[in-house]
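Chains as they are written, first to last, in the working numbering: chain A, 8 to 124; chain B, 5 to 114.
Fair warning: there could be bad hints in the mix.
DSS-like cross-link-like pairs, simulated, lysine-lysine; straight-line CA separation at most 30 Å [claimed, not checked]: (1) B/K7 x A/K69; (2) A/K22 x A/K69; (3) B/K49 x A/K69; (4) A/K85 x A/K69; (5) B/K46 x A/K85; (6) B/K46 x A/K120; (7) A/K18 x B/K46; (8) B/K46 x A/K69; (9) B/K60 x B/K46; (10) A/K22 x B/K46; (11) B/K60 x A/K85; (12) B/K49 x A/K120; (13) A/K120 x B/K7; (14) A/K18 x B/K49; (15) A/K69 x A/K120; (16) B/K49 x A/K85.
Here chain B is said to cover these stretches of chain A; the calculated rule only asks that three of the stretch's residues, wherever they fall, bring their Cβ under 8 Å from a Cβ of chain B [claimed, not checked]: (17) 19-29; (18) 37-50; (19) 115-124.
Far from chain A by the CB rule (all over 12 Å, computed), these chain B residues [unchecked claim]: (20) P12; (21) T28; (22) P48; (23) K49; (24) L74; (25) Q84; (26) S96; (27) G107.
Think of the hints as simulated: they come from the structure by calculation, not from any bench. In this text, a Cβ means the ideal position worked out from N, Cα and C, and glycines have one as well.
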Amino acid sequence: NAGVIQTPRHKVTGKGQEATLWCEPISGHSAVFWYRQTIVQGLEFLTYFRNQAPIDDSGMPKERFSAQMPNQSHSTLKIQSTQPQDSAVYLCASSLDWGGRGTGQLYFGEGSKLTVL
Amino acid sequence: QQKVQQSPESLIVPEGGMASLNCTSSDRNVDYFWWYRQHSGKSPKMLMSIFSNGEKEEGRFTVHLNKASLHTSLHIRDSQPSDSALYLCAASTYAQGLTFGLGTRVSVFP
Numbered sequence: 008n009a010g011v012i013q014t015p016r017h018k019v020t021g022k023g024q025e026a027t028l029w030c031e032p033i034s035g036h037s038a039v040f041w042y043r044q045t046i047v048q049g050l051e052f053l054t055y056f057r058n059q060a061p062i063d064d065s066g067m068p069k070e071r072f073s074a075q076m077p078n079q080s081h082s083t084l085k086i087q088s089t090q091p092q093d094s095a096v097y098l099c100a101s102s103l104d105w106g107g108r109g110t111g112q113l114y115f116g117e118g119s120k121l122t123v124l
Numbered sequence: 005q006q007k008v009q010q011s012p013e014s015l016i017v018p019e020g021g022m023a024s025l026n027c028t029s030s031d032r033n034v035d036y037f038w039w040y041r042q043h044s045g046k047s048p049k050m051l052m053s054i055f056s057n058g059e060k061e062e063g064r065f066t067v068h069l070n071k072a073s074l075h076t077s078l079h080i081r082d083s084q085p086s087d088s089a090l091y092l093c094a095a096s097t098y099a100q101g102l103t104f105g106l107g108t109r110v111s112v113f114p
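Based on the provided sequences and hints, a complete structural model is requested.
Listed below in C-alpha cells is the structure:
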C-alpha cells in the first residue's frame with residue numbers, strides 16, 4: 008500500500024500565477040480531504056469529497072481556490088492568481104469510511120509545499 | 005477564534021514522565037474526537053479516537069472524554085524521546101470535515 012500520494016512535493020510560483028496540486032488517495036477509500044497547514048493558522052480544513060461528490064467546502068476561500076475529484080483515483084486543488092499568503096503545506100488525506108457515523112480515520116499524504124514569491 | 009482549543013501550547017517532559025494534554029471544542033454539535041501526532045517534517049498520523057464518555061487506554065496512551073463539556077484529554081505515561089512531536093486534537097460532527105486545533109508541542113528530554 009503506497010499510501011496517499013501527493014504531487015508535486017514542492018512548488019514555487021510567482022505572485023499571480025496558477026498552482027495545481029494533485030492527490031491520489033489510497034485505493035478503495037471513499038473520502039478525500041484537503042487541508043492547509045501553516046505555523047500561524049495550524050491545520051485548516053478546506054474541503055472534502057465522498058464518493059467523488061463534494062460534501063463540505065466550508066473551509067475553501069471563495070475566490071481563487073477550487074477542488075475537483077474527476078474520478079476515484081485522483082483529486083486536484085487549484086489556486087488561481089496565487090498570493091504570498093497562500094504559501095503553506097497543502098495536505099491531502101483519505102478515509103475508508105468517513106461519514107459512516109464518523110468513525111473512519113484520516114490517512115495523510117506527505118503534503119505539497121507551496122511557496123509564492 | 006479556533007473552534008478546537010488546545011492547551012498547553014507546549015510541554016517539556018522528562019523521559020519516563022507523564023504528559024497531559026487538553027482539548028475543548030466550542031462547537032456543541034460535535035460528536036467525535038481524535039488525537040493525531042505529527043513528528044517534525046512528517047504528516048499527521050492518528051493516535052487515538054474516542055466517541056463515548058469515559059476513558060480509553062492503548063499502551064502508554066490514555067484519552068478521556070466528557071461530552072457534556074466537550075472536553076478531551078490525552079495522557080502519555082512513561083514518555084519517551086520518540087514521543088516528542090506536535091499533538092493535534094480534532095473534532096467533527098456527523099458527515100462534516102474534521103476540524104483540528106493548533107496543537108500542543110511535546111518535547112521529551114532524556
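### Message
Are any of the numbered hints broken by this structure? If so, which, sorted upward?
### Response
11, 17, 22, 23, 26 and 27
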